[in-house]
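First to last, the sequence lines map onto chains A and V. First residue of the first sequence: 1, per my numbering; consecutive thereafter. First residue of the second sequence: 1, per my numbering; consecutive thereafter.
Since the hints were made in silico from the structure, they are not lab data. There's no promise every hint is true.
Just a few of them, taken from the derived set where beta-carbon distance is under 7 Å, the chain V residues facing chain A [said to hold, decoys possible]:
| hint | residue |
| --- | --- |
| 1 | Asp26 |
| 2 | Leu43 |
| 3 | Leu45 |
| 4 | Phe105 |
Have a look at the derived ranges for each label pair, beta carbon to beta carbon [claimed, not checked]:
| hint | chain 1 | residue 1 | chain 2 | residue 2 | range |
| --- | --- | --- | --- | --- | --- |
| 5 | A | Ala77 | V | Pro71 | 41 to 51 Å |
| 6 | V | Gln41 | A | Ile109 | 32 to 42 Å |
| 7 | V | Ser9 | A | Ile11 | 28 to 38 Å |
| 8 | A | Ser6 | V | Ser9 | 26 to 36 Å |
As a list, the in silico DMTMM-like pairs of lysine to aspartate or glutamate whose alpha-carbon atoms are at most 25 Å apart [stated by the list, open to error]:
| hint | chain 1 | residue 1 | chain 2 | residue 2 |
| --- | --- | --- | --- | --- |
| 9 | A | Lys37 | V | Asp87 |
| 10 | A | Lys97 | V | Asp87 |
| 11 | A | Lys67 | A | Asp96 |
| 12 | A | Lys97 | V | Glu107 |
| 13 | A | Lys97 | V | Glu102 |
| 14 | A | Lys67 | V | Glu54 |
| 15 | A | Lys26 | A | Asp96 |
| 16 | A | Lys59 | A | Glu16 |
| 17 | A | Lys97 | V | Asp26 |
| 18 | A | Lys37 | V | Asp11 |
| 19 | A | Lys97 | V | Asp64 |
| 20 | A | Lys37 | A | Asp17 |
| 21 | A | Lys59 | A | Asp96 |
| 22 | A | Lys26 | V | Asp64 |
| 23 | A | Lys37 | V | Asp26 |
| 24 | A | Lys97 | A | Glu40 |
| 25 | A | Lys92 | V | Glu58 |
| 26 | A | Lys92 | V | Glu102 |
| 27 | V | Lys65 | V | Glu54 |
It should be emphasised that the depicted structure is a prediction, and the values quoted were computed from it without experimental measurement. Every residue gets a Cβ at the ideal spot worked out from N, C-alpha and C, and that includes glycine.
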Amino acid sequence: QQPVQSPQAVILREGEDAVINCSSSKALYSVHWYRQKHGEAPVFLMILLKGGEQKGHDKISASFNEKKQQSSLYLTASQLSYSGTYFCGTEKTSYDKVIFGPGTSLSVIP
Amino acid sequence: SAVISQKPSRDICQRGTSLTIQCQVDSQVTMMFWYRQQPGQSLTLIATANQGSEATYESGFVIDKFPISRPNLTFSTLTVSNMSPEDSSIYLCSARGQLTGELFFGEGSRLTVL
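From just these sequences and the hints, can you work out the full model?
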């Protein structure tokens with residue numbers, strides 16, 4: 001079952017922060033986050049494996065609440081290079097198929 | 001990390017014909033997948049390519065329409081059979097890294113069916 005993402009789209013000015021949410025109606029083993037720029041392949045950002053786990057990657061971090069079956073991606077002090085579509089992907093078990101959410105379009109403007 | 005080479009990168013096909021997309025990974029991976037992506041849309045999983053056995057298809061996708069092979073750990077093919085304009089899309093090969101579990105993606109094959 002496809003996870004739900006919110007918001008659908010967001011526009012930021014450079015330096016602003018954003019949060020993208022991902023939720024599932026099913027119990028999850030892990031959540032993946034990817035960014036895709038127009039005309040390019042998706043690029044891996046991070047994977048969260050445990051309930052309550054948080055990870056960071058430069059100014060991009062994420063959390064995973066296993067009990068609520070939710071994950072959030074945090075982008076702080078956004079840069080122009082952050083523009084793209086962000087997809088969360090969910091797995092029900094270890095080394096399972098990854099089902100992607102509908103995506104969140106993020107545009108960072110000067 | 002893994003680098004995935006996919007070909008063709010794009011093609012224009014006639015209705016009723018078939019096209020095979022090839023996917024080669026430069027390192028050992030555990031799982032390989034095929035996704036489809038319409039412009040501006042999400043990635044829809046077609047199937048999991050299983051080494052040496054039949055692929056596992058998702059709901060809405062069948063072997064007769066999308067036969068998949070994976071003869072070894074690093075190579076897979078997807079055939080789009082008896083194409084119609086509705087099959088026009090980007091087809092993405094993906095492979096799962098052994099250590100981190102992340103998915104690597106090929107650059108995609110953009111198919112246009114006339």
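Hint-by-hint comparison with the structure:
1. The interface hint given for Asp26 (chain V) is broken, as the beta carbon of that residue sits about 15 Å from the closest beta carbon of chain A, more than 7 Å.
2. The interface hint given for Leu43 (chain V) is met, as the beta carbon of that residue sits about 5 Å from the closest beta carbon of chain A, less than 7 Å.
3. Restraint check, Leu45 (chain V) versus chain A: the minimum CB separation of about 6 Å is within 7 Å; hint holds.
4. The interface hint given for Phe105 (chain V) is met, as the beta carbon of that residue sits about 4 Å from the closest beta carbon of chain A, less than 7 Å.
5. Under the hint 41 to 51 Å, the C-beta atoms of Ala77 (chain A) and Pro71 (chain V), about 47 Å apart, fit the expected range.
6. Between Gln41 (chain V) and Ile109 (chain A) the CB atoms are about 24 Å apart, so this pair departs from the stated range of 32 to 42 Å.
7. A C-beta distance of roughly 31 Å is found between Ser9 (chain V) and Ile11 (chain A), which places it inside the suggested range of 28 to 38 Å.
8. Between Ser6 (chain A) and Ser9 (chain V) the Cβ separation comes to about 33 Å, which falls inside the hinted range of 26 to 36 Å.
9. The hinted pair formed by Lys37 (chain A) and Asp87 (chain V) meets the criterion: a straight-line CA distance of about 23 Å does not exceed 25 Å.
10. Annotation: proposed proximity of Lys97 (chain A) to Asp87 (chain V) holds, straight-line Cα distance about 22 Å (limit 25 Å).
11. With a C-alpha separation of about 19 Å, the suggested pairing of Lys67 (chain A) with Asp96 (chain A) holds against the 25 Å cut-off.
12. Annotation: proposed proximity of Lys97 (chain A) to Glu107 (chain V) holds, straight-line Cα distance about 20 Å (limit 25 Å).
13. Between the alpha carbons of Lys97 (chain A) and Glu102 (chain V) the distance comes to roughly 11 Å, so the proposed pair stays at or under 25 Å and holds.
14. Of the pairs offered as hints, the one joining Lys67 (chain A) and Glu54 (chain V) is violated, with about 35 Å between alpha carbons and a cut-off of 25 Å exceeded.
15. Distance hint between Lys26 (chain A) and Asp96 (chain A) is fulfilled; the C-alpha atoms sit about 14 Å from each other, no more than 25 Å.
16. A distance of roughly 11 Å separates the Cα atoms of Lys59 (chain A) and Glu16 (chain A); the hinted pair therefore holds under the 25 Å criterion.
17. For a cut-off of 25 Å, the pair hint linking Lys97 (chain A) to Asp26 (chain V) stands: about 21 Å separates their Cα positions.
18. Restraint check for Lys37 (chain A) and Asp11 (chain V): the C-alpha separation of about 21 Å stays at or below 25 Å, so the hint holds.
19. Restraint check: the Cα-Cα separation between Lys97 (chain A) and Asp64 (chain V) comes to about 21 Å, which is no more than 25 Å; the hinted pair holds.
20. Only pairs whose Cα atoms come within 25 Å are accepted, and Lys37 (chain A) paired with Asp17 (chain A) is accepted, the gap being roughly 19 Å.
21. Simply put, Lys59 (chain A) and Asp96 (chain A) have alpha-carbon atoms about 29 Å apart, too far for the 25 Å limit, and the pair is violated.
22. A threshold of 25 Å between alpha carbons decides the hint, and for Lys26 (chain A) with Asp64 (chain V) the separation of about 30 Å lies outside it, so the pair is violated.
23. With a CA separation close to 23 Å, the supplied pair Lys37 (chain A) and Asp26 (chain V) stays within the 25 Å bound.
24. Straight-line distance between C-alpha atoms of Lys97 (chain A) and Glu40 (chain A) comes to about 22 Å, which keeps the hinted pair within the 25 Å bound.
25. At most 25 Å may separate the alpha-carbon atoms for a hinted pair to count; Lys92 (chain A) and Glu58 (chain V) meet this at roughly 15 Å.
26. Distance hint between Lys92 (chain A) and Glu102 (chain V) is fulfilled; the C-alpha atoms sit about 15 Å from each other, no more than 25 Å.
27. As the CA atoms of Lys65 (chain V) and Glu54 (chain V) are separated by approximately 14 Å, the hinted pair is consistent with the 25 Å bound.
Violation of the numbered hints given earlier is confined to hints 1, 6, 14, 21, 22; the remaining hints are satisfied by the structure.
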